[in-house]
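2 protein chains.
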Amino acid sequence: MIVDCHGHYTTAPQSLWDWRKQQVDGKRPDTLRISDQEIRDSVEGAQLRIQRERGTDLTFFSPRAGSMEHHVGDARTSADWSRECNDLIHRVSRLYPRNFAAVCQLPQSPGVKPENCIAELERCVNELGFIGCNLNPDPSGGHWKEPPLIDKWWYPLYEKLVELDVPAMIHVSSSCNPAFHFTGAHYINADTTAFMQLIQGDLFKDFPTLRFVIPHGGGAVPYHWGRYRGLAQDMKKPLLKDHVLKNVYFDTCVYHQAGIDLLLKVIPADNILFAGEIVGAVRGIDPETGHYFDDTKRYIDASKLPAGDKKKIFEDNVRKVYPRFKL
Amino acid sequence: MIVDCHGHYTTAPQSLWDWRKQQVDGKRPDTLRISDQEIRDSVEGAQLRIQRERGTDLTFFSPRAGSMEHHVGDARTSADWSRECNDLIHRVSRLYPRNFAAVCQLPQSPGVKPENCIAELERCVNELGFIGCNLNPDPSGGHWKEPPLIDKWWYPLYEKLVELDVPAMIHVSSSCNPAFHFTGAHYINADTTAFMQLIQGDLFKDFPTLRFVIPHGGGAVPYHWGRYRGLAQDMKKPLLKDHVLKNVYFDTCVYHQAGIDLLLKVIPADNILFAGEIVGAVRGIDPETGHYFDDTKRYIDASKLPAGDKKKIFEDNVRKVYPRFKL
Chain Z
33 MIVDCHGHYT
43 TAPQSLWDWR
53 KQQVDGKRPD
63 TLRISDQEIR
73 DSVEGAQLRI
83 QRERGTDLTF
93 FSPRAGSMEH
103 HVGDARTSAD
113 WSRECNDLIH
123 RVSRLYPRNF
133 AAVCQLPQSP
143 GVKPENCIAE
153 LERCVNELGF
163 IGCNLNPDPS
173 GGHWKEPPLI
183 DKWWYPLYEK
193 LVELDVPAMI
203 HVSSSCNPAF
213 HFTGAHYINA
223 DTTAFMQLIQ
233 GDLFKDFPTL
243 RFVIPHGGGA
253 VPYHWGRYRG
263 LAQDMKKPLL
273 KDHVLKNVYF
283 DTCVYHQAGI
293 DLLLKVIPAD
303 NILFAGEIVG
313 AVRGIDPETG
323 HYFDDTKRYI
333 DASKLPAGDK
343 KKIFEDNVRK
353 VYPRFKL
Chain S
33 MIVDCHGHYT
43 TAPQSLWDWR
53 KQQVDGKRPD
63 TLRISDQEIR
73 DSVEGAQLRI
83 QRERGTDLTF
93 FSPRAGSMEH
103 HVGDARTSAD
113 WSRECNDLIH
123 RVSRLYPRNF
133 AAVCQLPQSP
143 GVKPENCIAE
153 LERCVNELGF
163 IGCNLNPDPS
173 GGHWKEPPLI
183 DKWWYPLYEK
193 LVELDVPAMI
203 HVSSSCNPAF
213 HFTGAHYINA
223 DTTAFMQLIQ
233 GDLFKDFPTL
243 RFVIPHGGGA
253 VPYHWGRYRG
263 LAQDMKKPLL
273 KDHVLKNVYF
283 DTCVYHQAGI
293 DLLLKVIPAD
303 NILFAGEIVG
313 AVRGIDPETG
323 HYFDDTKRYI
333 DASKLPAGDK
343 KKIFEDNVRK
353 VYPRFKL
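Residue numbers (our numbering), protein chains in the order written: chain Z, 33 to 359; chain S, 33 to 359.
Simulated from the structure, these hints should not be mistaken for lab results.
No farther apart than 20 angstroms at their CA atoms in a straight line, the calculated lysine to any residue pairs in the SDA-like style are these:
| hint | chain 1 | residue 1 | chain 2 | residue 2 |
| --- | --- | --- | --- | --- |
| 1 | Z | 329 | Z | 131 |
| 2 | S | 177 | Z | 210 |
| 3 | S | 273 | Z | 318 |
| 4 | S | 184 | Z | 210 |
Construct the complete structure from the given sequences, taking the supplied hints into account.
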């Protein structure tokens with residue numbers, strides 16, 4: 033089985049975005065009405081077609097990351113919007129239980145304590161069968177005003193993640209800071225920033241079973257693995273394999289062979305989860321290969337990694353990281 | 033000849049930091065008095081010893097990046113501090129003209145127009161023989177409030193860089209945002225952010241001879257080269273080799289063999305400049321190799337790159353990018 037741990041519902045029906053526009057405009061949104069057929073139409077020609085074409089089996093599916101927009105409105109805005117998005121993800125996963133497993137958006141809001149997210153997380157996991165969540169380390173959308181992830185500010189949410197035994201993918205949303213292009217800078221920077229925060233602290237001493245997935249191949253981290261090992265050493269921290277790699281995983285959303293080869297060489301196979309971020313950040317065909325940039329399975333297939341390690345990356349690791357995924 | 037294009041005066045005599053403390057504390061600083069012998073002592077056991085030990089010849093030398101601190105005080109604070117730092121760099125380069133070529137810090141200040149830096153840039157280049165400068169894309173120190181590098185806000189400074197025929201290394205200073213560790217997140221994020229900004233615009237149509245060096249191996253960019261090629265394509269921009277690589281160069285401050293190998297594989301040799309960022313971000317010995325993490329010459333020597341390409345990286349390219357370097 034080949035499991036893609038990182039896909040967003042970027043192709044959701046227009047009614048969802050209309051609902052959101054009404055909400056953002058300060059109107060009371062109409063009740064969201066989307067038929068099963070509309071949902072089918074939204075994924076049949078996109079995510080499902082791509083699964084078939086590329087030979088992947090199932091995608092861990094969450095709301096469009098760029099549309100979480102935790103910086104818009106207040107906690108109530110975020111709660112209502114998250115509920116609509118998560119309910120729709122739930123419907124997708126029920127219509128296609130063999131193709132999608134549900135991952136939720138959290139109703140974060142800048143400066144609002146993370147325990148505010150617990151009710152929606154519990155609803156999604158306990159009532160709707162979600163297997164994980166996306167945690168935004170910067171709900172301000174590019175201004176980075178929240179305490180670092182190692183701060184006790186986040187602990188109540190971590191306690192709930194541990195109790196429910198679900199991991200969090202550390203994933204920012206769109207950027208409202210013109211310095212940061214969202215998929216080209218903000219996403220990658222957030223991955224790098226989060227990992228460095230984890231090096232600086234000792235979070236996993238307090239939460240030995242907490243699990244984070246850092247997407248987009250870990251941002252800059254594997255490319256600068258020597259820098260991170262060296263910084264940790266200068267800071268008198270344990271070796272990274274002991275300090276963070278029992279709890280931190282990288283996905284494979286890296287869109288060229290040389291990048292994937294580096295990731296597979298530097299990061300232990302036990303810490304890598306297959307993903308493509310589909311339909312996502314980069315949509316075109318690489319003129320140098322003739323294949324889609326985001327067809328990451330192709331790069332892993334072409335790598336020299338032993339078959340056992342490939343199986344870990346495609347399937348075994350996600351079962352350990354996401355134990356609520358049972359298929 | 034082996035030229036390291038990226039070194040900072042991290043070992044400057046204590047009197048310099050005392051001067052700075054007086055300034056930051058709002059006192060009128062005493063006149064800075066540092067003897068030639070103090071300068072010799074500050075580099076003999078550090079940068080010069082390392083040059084000898086590692087077999088490099090000359091370092092492009094600029095004030096300590098983390099201490100530029102453009103966010104402290106106002107434009108006058110920054111002007112006075114930059115002048116002291118640059119004068120000291122000038123003295124180092126005069127004492128050791130075969131070991132150091134001078135690169136200046138600019139007196140930037142948040143929200144202050146970049147033309148404010150022109151007088152100090154001209155003084156350094158025309159009067160003191162400096163060959164380049166460091167340009168901070170985020171003088172706020174981690175809050176990213178300045179317009180992107182492609183904005184006309186920066187154009188008067190670019191016009192002067194072109195007129196003087198000196199390049200700018202895009203280099204942030206310390207972070208006063210607790211989200212960003214300075215050498216582990218802010219530096220790397222800034223490199224990534226700057227490159228993405230350059231993709232988004234068409235700056236080099238307006239300044240075809242402007243040259244930027246992006247340090248720390250280009251941040252996350254080479255690792256995500258497929259993503260950046262794909263984003264540029266989705267944005268209907270030219271191929272990156274035509275869009276930015278006639279004007280943008282990456283240094284080799286990547287502290288492990290696999291990272292350097294990726295850089296050398298993905299980025300054309302014409303766009304890579306040798307550097308170690310010494311004495312800099314990571315100071316220890318890699319327990320996996322027994323050599324210093326920041327001994328980047330060793331990784332390039334060990335790579336499979338043809339000798340001609342290595343010579344480009346060690347010497348020929350810097351002569352093209354920094355034509356005022358004459359040795």
